[in-house]
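Number of protein chains: 2
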Amino acid sequence: MQKPINVAKLIKIMETFDAIKERRSVKHYDPNHKLSEDEIEKLLSLAVLSPTSFNMQNWRFVLVKDSEIRKQIRSASWDQAQVTDSSLLLVLCADLKSWKKDPAQYWKDAPKEARDFLVPAMGMFYEGKEQLQRDEAMRSCGIAAQTIMLAAKAMGYDSNPMIGFDPEKVAQLINLPKDHVITMMVVIGKQVKPAMPRGGQLPLDKVVFTDRF
Amino acid sequence: MQKPINVAKLIKIMETFDAIKERRSVKHYDPNHKLSEDEIEKLLSLAVLSPTSFNMQNWRFVLVKDSEIRKQIRSASWDQAQVTDSSLLLVLCADLKSWKKDPAQYWKDAPKEARDFLVPAMGMFYEGKEQLQRDEAMRSCGIAAQTIMLAAKAMGYDSNPMIGFDPEKVAQLINLPKDHVITMMVVIGKQVKPAMPRGGQLPLDKVVFTDRF
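Protein sequences, first through last, are from chains A and B.
UniProt numbering puts the first residue of the first sequence at 1, with every later residue one more than the last.
UniProt numbering puts the first residue of the second sequence at 1, with every later residue one more than the last.
The hints are simulated quantities; they were obtained by calculation from the structure and are not laboratory data.
Treat the hints loosely; a few may be bogus.
Which copy? The list can't say, so a pair holds if one copy fits it or any two copies do.
As the list claims (entries may be wrong) - With a Cα cut of at most 30 Å, we get these calculated DSBU-like pairs of lysine-lysine:
(1) 190 with 112
(2) 193 with 34
(3) 190 with 71
(4) 100 with 42
(5) 71 with 27
The following block holds chain A by itself, in its conformation from the complex:
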């Protein structure tokens, strides 16, 4: 007798892998397409399930909807058309000091024992370490950006992570608080032209090492 195949499991394996494989950085979007409010909320509700160190949830997501601000950000981004043509422009920022802003809120639902250990540990881990605080901003936003890009792919949309912009000009436009940093932008939308084929993948043995370099 043949072993029964677990179809649900097979589909799951295929489909998450497909989102990873099919995600490409798309530059050309349908300017007439908009994401619905429900889709935007779905996307952000998934984004905030991304892990952060000490659960500090340091990411901040600025949805730029105002077309005038989008035009100004486009001109601060080497005039890249995707900034205004995509359906959604997200400026990913991080609060560099979230670890010390009422840290108990990040563990309010945890068992008392865990909370009593974790809340003071956060302060001790980050206090005075400016570079580590910035690393955390980039790391958390990188993780969340990939959640967003894969969720968008699964919803039938494409995306592009961007660092090609003048961070100081964009900071002014979105009124970035002094203790925050912009980590990248992500655009999402309906592609009108696919990404170009992959430009030059390094073979696995150039990037994977066993035990040591």
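Got chain A sorted already, so can you dock chain B onto it with the hints?
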């Protein structure tokens, strides 16, 4: 007449979303379970599909298999059991100078026009900007880490991203080159105890802004 439902599309939406929802940071693993070589290769083949700025592919993945090195890393990680009990320990590193190491290799398969623009642009963008080079390390590895953690979830495994370790000690143990940096570790395995319930989620309106702060 009813509109036909596109079942394939619905399944896809559900399943990628499930991987995002079900990924939790698991601390307790079955020490007797090992990932097969095929599974490890699958995981890393997916990881390297993650986007990087200018396609610089700056991540480096060190698979720590040697049990003695794992023990030493565990003792440099506040003795966290997951370091030795998980099926796979990945030290995520980045080459801070990948943008200037034969940059043409990252665009070898691209159309000449794109290559002629992108290859020199990389050098101009990063030269002399040490903080930006480090940001890129953290950003790229954050994105790749989430690819790995979601792919692992879809394969039936759990994971945990870690920064609680002494980076200098771990750097010595894995013989980290001088122009590289450790960005985080990720452990993957078969959970023996689920993650604790989410500790304290911030409501969306605390992390999402429209147009400006």
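Cross-check of the supplied hints:
1. For the homomeric pair residue 190 and residue 112, the shortest alpha-carbon distance between copies (27 Å) is at most 30 Å, but the shortest distance inside one copy (46 Å) is not.
2. Only within a single protomer do residue 193 and residue 34 lie at most 30 Å apart by alpha-carbon distance; the minimum there is 17 Å, versus 43 Å between protomers.
3. Taking the closest pair of Cα atoms, residue 190 and residue 71 come within 30 Å of each other only inside a single copy of the chain (19 Å); across copies the shortest separation is 48 Å, beyond that limit.
4. For the homomeric pair residue 100 and residue 42, the shortest alpha-carbon distance inside one copy (29 Å) is at most 30 Å, but the shortest distance between copies (39 Å) is not.
5. For the identical chains of this complex, residue 71 and residue 27 are intra-copy neighbours only, at 16 Å inside a copy versus 46 Å across copies, given an alpha-carbon limit of 30 Å.
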